[in-house]
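There are 2 protein chains.
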Amino acid sequence: MNRSTDDKPVTPYLRLDVERMERNIQTLQSRLDRLGVALRPHVKTCKSIEVARRMLGRSNIGITVSTLAEAAHFLDHEIRDQIYAVGIAPSKLRAVADLERRGARLRIVLDHPATARQVADTAAAVGHRYEVLLEIDADRQRAGFAPEDPALIEAAQVLERGGCAIAGVLTHMGGAYACTDRACLEQAAERERSAAVEAAEALRAAGFCCDIVSVGSTPTARFATDLSGVTEVRAGTHVFMDLVMAGLGVCRTDDIAIAVIGEIIGYREHAGEWLIDAGWMALSADRGTAGQEKDFGYGRVISDTGSPDHDLIVRTASQEHGVIARRDGERLGAEAFEIGQRVSILPNHACATAAQHEGYRLHGSRSRDGDWWPRMRGW
Amino acid sequence: MNRSTDDKPVTPYLRLDVERMERNIQTLQSRLDRLGVALRPHVKTCKSIEVARRMLGRSNIGITVSTLAEAAHFLDHEIRDQIYAVGIAPSKLRAVADLERRGARLRIVLDHPATARQVADTAAAVGHRYEVLLEIDADRQRAGFAPEDPALIEAAQVLERGGCAIAGVLTHMGGAYACTDRACLEQAAERERSAAVEAAEALRAAGFCCDIVSVGSTPTARFATDLSGVTEVRAGTHVFMDLVMAGLGVCRTDDIAIAVIGEIIGYREHAGEWLIDAGWMALSADRGTAGQEKDFGYGRVISDTGSPDHDLIVRTASQEHGVIARRDGERLGAEAFEIGQRVSILPNHACATAAQHEGYRLHGSRSRDGDWWPRMRGW
Numbered sequence: 001m002n003r004s005t006d007d008k009p010v011t012p013y014l015r016l017d018v019e020r021m022e023r024n025i026q027t028l029q030s031r032l033d034r035l036g037v038a039l040r041p042h043v044k045t046c047k048s049i050e051v052a053r054r055m056l057g058r059s060n061i062g063i064t065v066s067t068l069a070e071a072a073h074f075l076d077h078e079i080r081d082q083i084y085a086v087g088i089a090p091s092k093l094r095a096v097a098d099l100e101r102r103g104a105r106l107r108i109v110l111d112h113p114a115t116a117r118q119v120a121d122t123a124a125a126v127g128h129r130y131e132v133l134l135e136i137d138a139d140r141q142r143a144g145f146a147p148e149d150p151a152l153i154e155a156a157q158v159l160e161r162g163g164c165a166i167a168g169v170l171t172h173m174g175g176a177y178a179c180t181d182r183a184c185l186e187q188a189a190e191r192e193r194s195a196a197v198e199a200a201e202a203l204r205a206a207g208f209c210c211d212i213v214s215v216g217s218t219p220t221a222r223f224a225t226d227l228s229g230v231t232e233v234r235a236g237t238h239v240f241m242d243l244v245m246a247g248l249g250v251c252r253t254d255d256i257a258i259a260v261i262g263e264i265i266g267y268r269e270h271a272g273e274w275l276i277d278a279g280w281m282a283l284s285a286d287r288g289t290a291g292q293e294k295d296f297g298y299g300r301v302i303s304d305t306g307s308p309d310h311d312l313i314v315r316t317a318s319q320e321h322g323v324i325a326r327r328d329g330e331r332l333g334a335e336a337f338e339i340g341q342r343v344s345i346l347p348n349h350a351c352a353t354a355a356q357h358e359g360y361r362l363h364g365s366r367s368r369d370g371d372w373w374p375r376m377r378g379w
Numbered sequence: 001m002n003r004s005t006d007d008k009p010v011t012p013y014l015r016l017d018v019e020r021m022e023r024n025i026q027t028l029q030s031r032l033d034r035l036g037v038a039l040r041p042h043v044k045t046c047k048s049i050e051v052a053r054r055m056l057g058r059s060n061i062g063i064t065v066s067t068l069a070e071a072a073h074f075l076d077h078e079i080r081d082q083i084y085a086v087g088i089a090p091s092k093l094r095a096v097a098d099l100e101r102r103g104a105r106l107r108i109v110l111d112h113p114a115t116a117r118q119v120a121d122t123a124a125a126v127g128h129r130y131e132v133l134l135e136i137d138a139d140r141q142r143a144g145f146a147p148e149d150p151a152l153i154e155a156a157q158v159l160e161r162g163g164c165a166i167a168g169v170l171t172h173m174g175g176a177y178a179c180t181d182r183a184c185l186e187q188a189a190e191r192e193r194s195a196a197v198e199a200a201e202a203l204r205a206a207g208f209c210c211d212i213v214s215v216g217s218t219p220t221a222r223f224a225t226d227l228s229g230v231t232e233v234r235a236g237t238h239v240f241m242d243l244v245m246a247g248l249g250v251c252r253t254d255d256i257a258i259a260v261i262g263e264i265i266g267y268r269e270h271a272g273e274w275l276i277d278a279g280w281m282a283l284s285a286d287r288g289t290a291g292q293e294k295d296f297g298y299g300r301v302i303s304d305t306g307s308p309d310h311d312l313i314v315r316t317a318s319q320e321h322g323v324i325a326r327r328d329g330e331r332l333g334a335e336a337f338e339i340g341q342r343v344s345i346l347p348n349h350a351c352a353t354a355a356q357h358e359g360y361r362l363h364g365s366r367s368r369d370g371d372w373w374p375r376m377r378g379w
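Line by line, the protein sequences are chains A and B.
93 is the number that this note's numbering gives to position 93 of the first sequence; each next residue is one higher, with no gaps.
25 is the number that this note's numbering gives to position 25 of the second sequence; each next residue is one higher, with no gaps.
Bound-form chain A, shown alone (with noise of 0.2 Å):
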């Protein structure tokens, strides 16, 4: 981590403002208290310790991560109860198996007979009783049994043959990502909780266990208004929340807890535009706002002086260069910055932007516990 020589830090870098984080963890927390489900929190937006041990709440059920890597290192700072929420690639059943003896409880998830008949075999190659969730598919969008497919209770028989335990069911409405207003939202928290109570429901008819009835995402998190047949929900996005989820309703912009600190470096007069020193690279080239109704480009940028009477956007962005523009496509003029002066830019995408940094730097009152928390990366 690199500092200038008067100590500002160098630019670009990650700014986290503990206290907007904490009220983040403490009104999805009311929420699901409410609605009588623990949270299990998904550490692959924040992949880091100090965040962790403040989204665990309560509860303090266990994690979700996406991947082994952050399952070995958060299983390092003795979170040991954790759901890994992709679908398993055959060759990381050995690493599974390795990471439970290393003391972790590390349920997989699959969703296809083919995958089951895998699992099965490798259980008895390494005699290790996997703990398996089967993924259920409320949407079409991604993975999953759809909840009435026969092909579930197949793969349940194979598993139970093969010595595996069937843990519950796992369902992900990505599609919330796509709706407009809070009617769709709590339509899709309902079809992500129905499905898996569905596929529970069909598992138990057919003689098995499941235990864990497991759904989740953000905006589904923050708008479902029955959790009935749930036992757990995952998010992980609402730590620190961004343009995507304020574009959705499920935050406002001040919610947002990470912002990027650029360095204004020059002026584009013939286009009414500025240069900052944050590109992708430490943006991320994640464009998740550009389907939205406010369509962010690369971020939206705050300035120092206060809420503007108009948007400001990094526009275009190469790796290392970002373009400041006016969002309705008016000029910028020379009086709008500085040359040295910082600004804040909040992500589309908390995950996405998040990732291209090696930590955050924390900003705000309550920043007691030093000013760096690193994160990990790798698979």
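These are calculated hints, taken from the structure and not from any lab test.
Values in this document were obtained by computation on a predicted structure and should not be read as measured data.
All C-beta atoms in this analysis are idealised placements derived from N, C-alpha and C, irrespective of residue type, glycine included.
Some hints could be false.
To be verified - Just so you have them, the derived chain A footprint on chain B, three or more residues with Cβ under 8 Å:
#1 14-25
#2 315-326
Said to hold, decoys possible - Anything over 10 Å on all C-beta distances counts as not near chain B; from chain A, calculated:
#3 77
#4 131
#5 186
#6 206
#7 310
#8 349
Starting from the known structure of chain A, arrange chain B on it as the hints suggest.
Okay, now just chain B, sitting in the frame of chain A:
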């Protein structure tokens, strides 16, 4: 760096074909040798000392960097002659002076008289003679003085009065990436050359030294037919090449030297699509081919069975999932892949995809130097 127990690398990972890389390096070097101009390789694509050493070539005039972290890293590996080719942020000037005191010759770039004044002020404050390249704008796409802008001379005067040295001029023709034919690329290369040379002549006419006339990008380096007046060419992507470069006609698909290796984890039978354990975290969110004639989604899939008779792409990606589909929208059958099969995905944009990884796993017959080359990152 994890390995699965059966000693296959954990997916997803970034594979580098050293033989293709060396061919790419040689192709550009031969071209520039014929044009009689030295190459100053840009290390922002590779961020690897092993790769950079191979790019330096016989002329060995030094490198181009995109961050001060690169400057420090490559200085630590004895590469002292550097151009930091992003407009200088004033708060970084003290760090530049520190790097020069450690042995670097690190030329900085600027494009505004206001920046020149801040450089001159800092030069006086810290007692350091900065060597400055004036950035020239050939196509109004990003940064730089117009060659005929009187502010160019004004900035040079401010710098010289402030005890700094004018090292020369630098231009980058980003607009070349929007070309769709050879004529456009040749014209772009000529515009880049002529803008730099015109600005150098203006500076010399005003009495300034202008030893360096630096131009470059991979497409213009490939298509330049005359580089009269130019002293060096900067290029970085040529070392790996990518689908965007292939789409521009700068290389062939089988020149692309890096690929993300992933493993098949599921079949979406209803959609005729397959799932892979490589999402945007491994591929990057760069959609660089979206604006080209052939849009490859998040990357082009090459199956191990050889050239398919239809193009396969990663149609969409979430953090750790990719969806493999036919580019023509037709269904992929249940026979297309098997769960557990490994496939290669060629990157849209080599700089962005490589940045998602901690290093390169070597592939190919000339991998004598060990099988892993680390990358550096950060600012």
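**Report entry** Indices of hints not satisfied (ascending)
**Finding:** 1 and 8
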